[in-house]
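A.B. asks: Read off the chains here:
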Amino acid sequence: MDNKTLNRILKMKNMIFDNLMESYLPFPIDKKYYSSWTDKLPRDGDTVIYTSYMYQISGILKKYEKLFPKISNVNVPKRLMGLSKFLIKPGESEIKRSFSIMNNIVNILQKNHINFGYLYDDEPYSGAILLESGFLKEFMEYGNKLNDFFKSRGIKRIITLDPHTTNALKRLKTMINFDIDVKNYIELINFNGSGEYVIHDSCLYSRAMDMYGLIRDKINKSGIKIDEDYLTTSKDMGTCCGGPLSLISVNDSDEIARLRSEKLLKINNNVLVMCPLCYQNLSPHVENIKDLAEVIS
Amino acid sequence: MNYEWNVSIDKAILNNAPNVNKILEENPYIKETAKELRSKKLEVLGNIDFYIDKTEESVKRSGGHFHFAKDSSDAMEIVREIVKNNKNIVLSKSNVLYEIKLREELSKLGKDVWETDLGEYLVQINNDMPSHLIAPAIHLSKEKISKLLNKNLDKSINENTSVEDMVKAVRKFLMEKYLASEVGITGANAISADTGSVLLIENEGNIRMDTVLPGIHIAITGIDKIVPTLKDAFNEVIVQASYAGFYPPTYINVTSGPSATGDIELQKVSPATGPREFHLIVIDNGRKEAINSDLRESLLCIRCGRCYFSCPAYKYYGKDFGDSPYTGPTGIMWSAVTAKKYDKSLLCMHSGGCKEVCPMDINIPEIIEKIKFRETG
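In order, the protein sequence lines correspond to chains A and B.
Quick note: this note's numbering has the first sequence finishing at residue 306, numbered continuously throughout.
Quick note: this note's numbering has the second sequence finishing at residue 509, numbered continuously throughout.
With the rest of the complex left out, here is chain A (with noise of 0.2 Å):
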C-alpha cells in the first residue's frame, strides 16, 4: 500500500469520524428527503425500524466514494462539504425504488404482527463504515455517541433492514455496553414470494452473522426456488460482491463485481441479493437483479 493511499484513508477516517460526532452521519445528506419514504409510523417508541439510511444512500456511495480521493487532496472547506447533500443526490427511479423496498419490508412485517415506530430524520448512521475500514478506536466511540442516542430515546429493540447496520448493531454489544436487541428483519417474518433466482448471499449476513442456514430455509419455505452451485454460492465457497473495496480502489471493487456477476450468470440470469451496497455492485453488470425485499409479501 504507498503512503499517497494510506494518507487518503486516515484523511478519511478522520472526515467520517468528525462528521459524526457532529451530526451522526459520514457526510451531508439531506434527511428530511430521505426519512419521507412513510408518514404512516409513530415517531419514536421502544422497538423501531432502523434504516441507517443505507437503502436511500446507498446509490449515491460510488459518488462519494469517487469523490473522497478528491477531497483529501484539497482542503475543501465544511460549507461546501455541505452543499453536496444538495448536490449528490440519487436518481428519482433509484429513490423510488428504495422507499418501496422499505415500505414492503414494513407491511410484511406488520403482516407478521409485528408493531414499531421510526425515528424519521432523527435517526442517525451506524457508523458500519467505521468498523469495516478497521478504525475501531473511532468506531467504539461513536458506538458509545449512538447508544447513549438510543437510550435517551427510550429504545430497547432496534429492527435493522440491511446487513451492515445489523453487523455494526451487534460487533458493538461484543466491544462497548450496548444492550439494545438487535433483529434484522429476515429473522423475525415469514414471506411469501415466487421465481427461480441464484442468491448472491451478503457476506455479513450470511457468515459474519452465520445467518446463511436461515435465509435458505426462510426463502426455501417461501415458494422461491433457488439454483445453487458449491463453488458460487455456498458458504463456503461465495464471495464478496467488492463493495467493501471500494474506499480503497473504486477500479478494483468494479472489477470484483464483474467478476462475481459472471460468476452467478452462468448459474441464473436472475440474481437474488439481500443488500443495497451488493445491489449496487452488481447491477452494473446484471440485467435481473432484484433485493429479496422487492420479490417478497
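Read the hints as simulated data drawn from the structure, not as lab findings.
There could be a bad hint or two in this list.
Unchecked claim - With a cut-off of at most 27 Å between alpha-carbon atoms, the simulated DSS-like pairs for lysine-lysine come out as follows:
| no. | chain 1 | residue 1 | chain 2 | residue 2 |
| --- | --- | --- | --- | --- |
| 1 | B | Lys502 | A | Lys192 |
| 2 | A | Lys154 | B | Lys363 |
| 3 | B | Lys309 | B | Lys240 |
| 4 | B | Lys502 | A | Lys13 |
| 5 | A | Lys244 | B | Lys309 |
| 6 | B | Lys400 | B | Lys186 |
| 7 | B | Lys472 | A | Lys146 |
| 8 | A | Lys146 | B | Lys473 |
| 9 | B | Lys304 | B | Lys240 |
| 10 | B | Lys309 | B | Lys287 |
| 11 | B | Lys502 | A | Lys182 |
| 12 | A | Lys244 | A | Lys275 |
| 13 | A | Lys71 | A | Lys146 |
| 14 | B | Lys502 | A | Lys20 |
| 15 | A | Lys105 | A | Lys13 |
| 16 | B | Lys154 | A | Lys272 |
| 17 | B | Lys233 | B | Lys243 |
| 18 | A | Lys192 | A | Lys182 |
| 19 | B | Lys300 | B | Lys163 |
| 20 | A | Lys179 | A | Lys22 |
| 21 | A | Lys299 | A | Lys72 |
| 22 | A | Lys244 | B | Lys233 |
| 23 | A | Lys13 | B | Lys240 |
| 24 | B | Lys274 | B | Lys240 |
| 25 | B | Lys143 | A | Lys275 |
| 26 | A | Lys105 | A | Lys120 |
| 27 | B | Lys472 | A | Lys22 |
| 28 | B | Lys300 | A | Lys146 |
| 29 | B | Lys163 | A | Lys22 |
| 30 | A | Lys272 | B | Lys274 |
| 31 | B | Lys283 | B | Lys300 |
| 32 | A | Lys272 | B | Lys143 |
| 33 | B | Lys186 | B | Lys172 |
Given chain A, put chain B in place with the hints provided.
C.D. replies: Below, chain B alone, put in the same frame as chain A:
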C-alpha cells in the same frame, strides 16, 4: 485484472475445493481431529516456554541438536555455523525458510542451493516468489513453465512437451543434486514436544531424499509448530493434508534425531545409513509477542492453504494480497506476526469464507480487522 492469473486460480479452485469437501465428507473423523488439535495447540500457546523447553529436552535425548532463534538473523547465524564449509545444499518447501531469507543468504555465501519441491524449483528458476503456501507455482501456466525449463534446464522442452516429461526432466536434474548434497534443510509440519520428533508431509518424495541422503539434516520452523505429543503431531499432519486436498498423503516423514542402528548386540550406534547430524531450529520472530496480543489465534494456523480459495481478495490480487511467501488470508496474519507488516490487510473485504473453511476455526476476518487497526489506528 491479470487474465492469466484469473484462469490459473479458477483451475486451481476447481481442482481443489470440491475435492477437499469430498475428503471431509467421506472421513468425518478429520473434523473431529481438527477440533482436538485446536485445543492442543491452544494449550501450547498458553504455555509456550514450557513446551519449547520440553522440545529441547526431547531432541537432545534422541541425539539431536536443539537451537532457539529469536529472529531471522539469529536463525541464519545458527545455520551458517552448522553448514560450515559444506557447499551442496538441498531444500524442501518451507515458508519459514523464505521468512528468514535462507536461500538468498546461503547463495550469497557461494553455496549451491536447490529447492527440491517441483513448485518451489519452478519458482526458484523464475527468480520469483510463491503464490500459495502449499502450491507455490499456481500462478505459472504450463506454457510459461515449458519456457522456463527450456531456458534453465533442457533445450528440448517446449510448449508441446507433456507435463509427465517436464516432471521427468526435473526429477533427473534433482537426483544429481540429492546425491551430491551434504546438507538437507527442511521446515516442519509439526513437532512433538514429548519425543522431539519432526513430522513432514509430502507427496513428491523429495523430502525423503532431503532428510535421508545428506549427512546433515536441519529442520527450521516456528515455535507455533510445537504440539504436546507425537499423537498430536500426527493429527496435525493428517488435518493439514486433508484440508489441503491430499488424503491420504503419499508420505509422512518422522525424524527423531540422527540415523541410528541397534543391529549389533542391540547397541545403539549413530549414524547408520542416514544423516549423522540432526538439528532442530525453532524460531520466535514475533510469535511470542503475538501470543500475548489480540493476534494470538493466528498462531493456530496449520498452513493448509484452504482459506486462499475462499477469499475474493486473493482470487483477484493473487500474491499481491500479502507479502510473499505469506499471502492470502492467513498470509495477512503471518506477515503481521513475523514482519509487523499490516498494509495489505486493507485489501481484505471481510468476505468471511476463510473463517468458514479454516480447520482451526480461526476467526480470520476479525483478526484481519485488528491488523487493519494497526495500520490505520
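A.B. asks: State for each hint whether it applies.
C.D. replies: Verification of the supplied hints:
{"no.": "1", "hint": "B:Lys502 to A:Lys192", "in the structure": "26 Å, holds"}
{"no.": "2", "hint": "A:Lys154 to B:Lys363", "in the structure": "52 Å, violated"}
{"no.": "3", "hint": "B:Lys309 to B:Lys240", "in the structure": "19 Å, holds"}
{"no.": "4", "hint": "B:Lys502 to A:Lys13", "in the structure": "22 Å, holds"}
{"no.": "5", "hint": "A:Lys244 to B:Lys309", "in the structure": "45 Å, violated"}
{"no.": "6", "hint": "B:Lys400 to B:Lys186", "in the structure": "23 Å, holds"}
{"no.": "7", "hint": "B:Lys472 to A:Lys146", "in the structure": "20 Å, holds"}
{"no.": "8", "hint": "A:Lys146 to B:Lys473", "in the structure": "20 Å, holds"}
{"no.": "9", "hint": "B:Lys304 to B:Lys240", "in the structure": "26 Å, holds"}
{"no.": "10", "hint": "B:Lys309 to B:Lys287", "in the structure": "19 Å, holds"}
{"no.": "11", "hint": "B:Lys502 to A:Lys182", "in the structure": "17 Å, holds"}
{"no.": "12", "hint": "A:Lys244 to A:Lys275", "in the structure": "18 Å, holds"}
{"no.": "13", "hint": "A:Lys71 to A:Lys146", "in the structure": "25 Å, holds"}
{"no.": "14", "hint": "B:Lys502 to A:Lys20", "in the structure": "19 Å, holds"}
{"no.": "15", "hint": "A:Lys105 to A:Lys13", "in the structure": "38 Å, violated"}
{"no.": "16", "hint": "B:Lys154 to A:Lys272", "in the structure": "22 Å, holds"}
{"no.": "17", "hint": "B:Lys233 to B:Lys243", "in the structure": "14 Å, holds"}
{"no.": "18", "hint": "A:Lys192 to A:Lys182", "in the structure": "12 Å, holds"}
{"no.": "19", "hint": "B:Lys300 to B:Lys163", "in the structure": "36 Å, violated"}
{"no.": "20", "hint": "A:Lys179 to A:Lys22", "in the structure": "22 Å, holds"}
{"no.": "21", "hint": "A:Lys299 to A:Lys72", "in the structure": "22 Å, holds"}
{"no.": "22", "hint": "A:Lys244 to B:Lys233", "in the structure": "37 Å, violated"}
{"no.": "23", "hint": "A:Lys13 to B:Lys240", "in the structure": "35 Å, violated"}
{"no.": "24", "hint": "B:Lys274 to B:Lys240", "in the structure": "31 Å, violated"}
{"no.": "25", "hint": "B:Lys143 to A:Lys275", "in the structure": "16 Å, holds"}
{"no.": "26", "hint": "A:Lys105 to A:Lys120", "in the structure": "22 Å, holds"}
{"no.": "27", "hint": "B:Lys472 to A:Lys22", "in the structure": "22 Å, holds"}
{"no.": "28", "hint": "B:Lys300 to A:Lys146", "in the structure": "56 Å, violated"}
{"no.": "29", "hint": "B:Lys163 to A:Lys22", "in the structure": "41 Å, violated"}
{"no.": "30", "hint": "A:Lys272 to B:Lys274", "in the structure": "25 Å, holds"}
{"no.": "31", "hint": "B:Lys283 to B:Lys300", "in the structure": "16 Å, holds"}
{"no.": "32", "hint": "A:Lys272 to B:Lys143", "in the structure": "14 Å, holds"}
{"no.": "33", "hint": "B:Lys186 to B:Lys172", "in the structure": "15 Å, holds"}
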